Structure formats: C-alpha cells, structure tokens
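**Student:** Let the sequences and hints guide you as you build the complete structure.
Number of protein chains: 2
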Amino acid sequence: MSKVNVSAEHPFDKAIALAPIAATAQEHGREAARHWQGNTHPDYMNMVGPFGGLTAAQALHAVLEHPELLGEPISFTANFAAALAPGAFRAEARPVRTNRSIQHWQITLSQTNSDGVDSVALTATAVTAKRRQTWSAVDAVMPEVPRPEGIARVPLVKGFDWLQRYDMRACAGEVPTEWNGAEADSLTQLWMRDDPPRPLDFCSLTAMADAFYPRVWRRRALMTPVGTVSMTVYFHAGAADLATTATDYLLGQARAQSFFNGFFDQSAELWNESGQLLATTHQIVYFKE
Amino acid sequence: MSKVNVSAEHPFDKAIALAPIAATAQEHGREAARHWQGNTHPDYMNMVGPFGGLTAAQALHAVLEHPELLGEPISFTANFAAALAPGAFRAEARPVRTNRSIQHWQITLSQTNSDGVDSVALTATAVTAKRRQTWSAVDAVMPEVPRPEGIARVPLVKGFDWLQRYDMRACAGEVPTEWNGAEADSLTQLWMRDDPPRPLDFCSLTAMADAFYPRVWRRRALMTPVGTVSMTVYFHAGAADLATTATDYLLGQARAQSFFNGFFDQSAELWNESGQLLATTHQIVYFKE
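These protein sequence lines are chains A and S, in that order.
Heads up, the first sequence is in the working numbering, so the first residue is 1037 and it goes up one at a time.
Heads up, the second sequence is in the working numbering, so the first residue is 1037 and it goes up one at a time.
These are computed hints drawn from the structure, not numbers from a lab.
Please note: incorrect hints may appear among the correct ones.
[As the list claims (entries may be wrong)] Only pairs whose alpha carbons sit at most 27 Å apart, straight line, appear in this in silico DSSO-like list of lysine-lysine:
| id | chain 1 | residue 1 | chain 2 | residue 2 |
| --- | --- | --- | --- | --- |
| 1 | A | K1324 | S | K1166 |
| 2 | A | K1050 | A | K1194 |
| 3 | S | K1194 | S | K1324 |
| 4 | A | K1194 | A | K1324 |
| 5 | A | K1166 | S | K1324 |
| 6 | S | K1194 | S | K1050 |
Treat the numbers as computed from the prediction; the structure is a model and nothing was measured.
**Tutor:** Rendered as structure tokens:
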C-alpha cells in the first residue's frame, strides 16, 4: 500500500503514483467515486503498451488510495480492454457496496484520444475486507526447488523493457531457447522479485501475478501473438504478512489447463521464501493461430 | 443462450428470464447500456437468498440478451455484494469496449428497498469474443470415475431448495455425514446436471460452476457460515460444444488451495461425459470461524 516505508524513488512507486483530480460533469452523481490521473512509465513497457501487471497494479492502487477503503484486498479482477497509450490516463475507483466487514469496488482506467473521445482501457472489480483471525490451512503444496541465489537470472529479451524491473530465476519451464514448435508441458516455476528490491505490498504482488511469460509459448515453443484479456488475483495474506516478506524472492508456479480456439487459461501460485502462500491467480489469454 | 430449443417451461429458463425495461434518468447517457427486470425464483433459493450460481447466470443472461453482443462468453466474473431479496431486481448490461473480435462488459444487478434506495447486489464483468479455430490442447486431466448411472444421487438437505434442481452424484468428497470437526482434504468430484434435464448452455454452465458445496465444510467437517464473494468462470468451449453436450451429466472437480483468516478459494473444472473440458472456475468465499 502507499503507506509502506519505501523510497519514493523506486520505479514501481513512480509508476503506480496517482494524482487526485476532480470528477467530470458526466461522472458527477456516482456516489463515492474518486478520480485520479496516472501515467504509463517507460520502465514498465511491454512490446505493445505497458506490462499488464503494472496496469493492474495501478487500478488496485486507486482502490487503496480511496479515503473510504475498508480493510485489505481479498480479490481483484482486471479486464484488459485495450493497451494504454503512452502518457496520462484517468482512474476511477468506486465503492459500490460497503457491508459490515466487506466492501465491493468497481474500477475503470480510461484515456481520451486526440479527437476528444473517451475510451475504456481497463475495467476491474475488487473486494476488500476487514479480516478476522480464524482457523487457517494451506492445501497447495509449495514445490521443492533450489534457492534463488544459486540460479542464473533469466536473460533479458529485447522489446520487453519491463523484464529489467524483475529479477527472475527459473527453476523449471524456462522460456524456450529454440522456437521450433516442439510441444512440452505448460509448467513454469521461478523465483522473482522487484529490481531494485522493494518491500512487497498488494500492488507489487498483483503485478508479479502477471509476470509469467505466456503459457502457449512454453507449451508450443512458438512465439505467437498473445494478450491477457482477464486476470484475477486472490490474496491469502494480510498487509503484515507482506511486510514480513519484505524484499524476499517470491516463488511462482504457473501452468495452463486448456488452450481452445484462441484463448488459454493460466493458474498460478505465489509463495514467499518462508513458504507462505501469498496469492493464487488465474487469467485467460488471447492467442493467435 | 436464450435461443436454444428448450421448453420455456423449464424452471431454469423461467428463473433466468429477463424483461426489457427503460433506463432511469440517472442511467441515461451510459452508452449502449440495456436494462431488464428479473425476478428471484422459489425453485433456486438457498438458505439465505437465492443460489449464487443462479444469480450469476441471470447476470450473464443480460449480456447474452443484449442486441450488441459480439461472439460468445470467454470469461465471466461475478462479485456477490448482497443476497437478492425475494422478488424483482434490475439488471444492467453495458458493452464498455468492443474491439474487432473481443468485447468487454460491465453488469450490475440492483434492487430498490422499501425506502426507495437503490443498492447493488451484484457487480460482474464479462469478456465475449468471436472465436476462430486454432491449435487447441487440454492439459487438465479428467479424473477416472465411475459412470453417474451407478452412483446414488446426493440426498437433498432441508433449507437448500435449489439442490432439488440439480441431479448430483458424488464420486469423491461427499458432504460429510458427521459434522465432527474431523479434518480431511478439500477435494470433491461429482456428476451433475439440471433436474429436470435441460440442454446445456452458457447460463446453466455458469450456474453449475457454483454448485459445489463449500470447501471449508468438506475440509473441516464443520458447517460454518459461508458466502461466495467473487467467482470467475473461464469458458473453454463454444456454443456448438455445449449443444452437443445437451443433457449429459457434467463431471465437476473442486478443491481449495488456501483457507486464511476468513476467506478460502476454490478451483474447479467441468467436463462433459465425452471428456471435453468445458470450463474452469475459481471463487473466493467468506467463512466464519
């Protein structure tokens, strides 16, 4: 969250920064909505538009900055309608229903084109809640993998600038070294953290949930055009757990279940080095051919 | 979809029926939005309010009835802000962005209370798309289980009227017969179909994605208060595949990954009898100690 004690100079903090702005006449009357201006950031650009994880983090950040926020994120779904054009965008976050301990949010990121036409780049929904301590248990099993320090860093690939902002070390299912159409499984296991290191929070965890390279590239060893259309993150940790995780590496594991006529899914888990499952995340991705 | 050739007398069709209504003054100006009146249905009531799968299906139905619909559902996320009170509700479906082959939707279900105050019961987002035939593959493995005909039907439980509308036959992970706090795994495998049988479509598939009993009840053998707060369905089949499935049973498999301070997740798969994976689905559920 924005209150965590990190240097404001970290590129991720600059990239998710939001400046409050007034509602437009059209937006007036949507109760409790708040509006911000955000900006794309050159450090987090992908081949076409920004890294989707960063855009998702910007949308969640609008919720976390809202003065009426209740509790902490439980779930977050982002739908990528279009890549943000480089430059400024508008973020709207609106609590649509606040119950005793649970709050429901709608979020929109939009941009105005050169003809003055507004268009939506991202819609999102979030649920936040005041958690209570309850019986807890984790059924997902953390894979046994070597420590990150002994693994070579995933090499940078031209055209994916955002990869420079993540220190990734693959344990299994690396990016294919030959794009030869040799089919394989769709599993990837890798350690990752911000570069430079930055204490973990809900925004950076959300971004990392989208940091896996496309499962169809792994599955087919073919670099076909892809784009995430919808992504959901379920948070299984509170702010205190993320603060304890600090700048540790996270172990991520991702695989697909179905590739069908232009869309495939991805399910992934993110653990910290101590073995706590921090988030599970799912997405559905467009692919061509 | 509503165009499928089924008797309009099936309770599910009655339950998801929507009647077009005009926009209110407040709603005017939201481009391309359409509004309907729906109603809760006595056949699909749960302990508190309607069966969530039915409410989700009603929201998706508003998208499928929209005159500007592009293609078929790819993903759908519903956030349950409050149980619908018995009676009428308003549904709004709005295409917020339509690209060449992909369309993004926002959906809201709301009710007006006796003081004339509108409140949101459900927010949802959906992505629809014109699919193209591409290379396809399924990595998820369908469990080997006995055929449904040889398995006894899951007995009905008082207070869960909606269960009468589903013929369920459990292969593994049945509802505990003793609520004695004996911890177990969180896995359930069961066959299910509408009762009376009804040809499968996107709305009924969405409802069945929410038909598993709460994982925490299985995991702990304790019937604690629960409520789904957010649910996502990824569709891995087209309308033609669902039509071919017709009134076959679906095999569903569900398990949890984390139970943490008041919320647990569920991931599930739904196959048809021929072994085609039709949908993967995920949800996060509130639970009380």
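**Student:** Confirm or reject each hint.
**Tutor:** Checked hints:
Note on A:K1324 and S:K1166: the hinted pairing holds, with a Cα-Cα distance of about 13 Å set against a maximum of 27 Å. For the proposed pair A:K1050 and A:K1194, the alpha carbon gap of about 23 Å is at most 27 Å, so the pair holds. Distance check on the hinted pair: S:K1194 and S:K1324 sit about 21 Å apart at the alpha-carbon level, within 27 Å; holds. The suggested pairing of A:K1194 with A:K1324 holds, with an alpha-carbon distance near 21 Å, which does not exceed 27 Å.
Distance restraint check for A:K1166 and S:K1324: the Cα-Cα separation of roughly 13 Å lies within the 27 Å cut-off, and the hinted pair is therefore satisfied. Distance check on the hinted pair: S:K1194 and S:K1050 sit about 23 Å apart at the alpha-carbon level, within 27 Å; holds.
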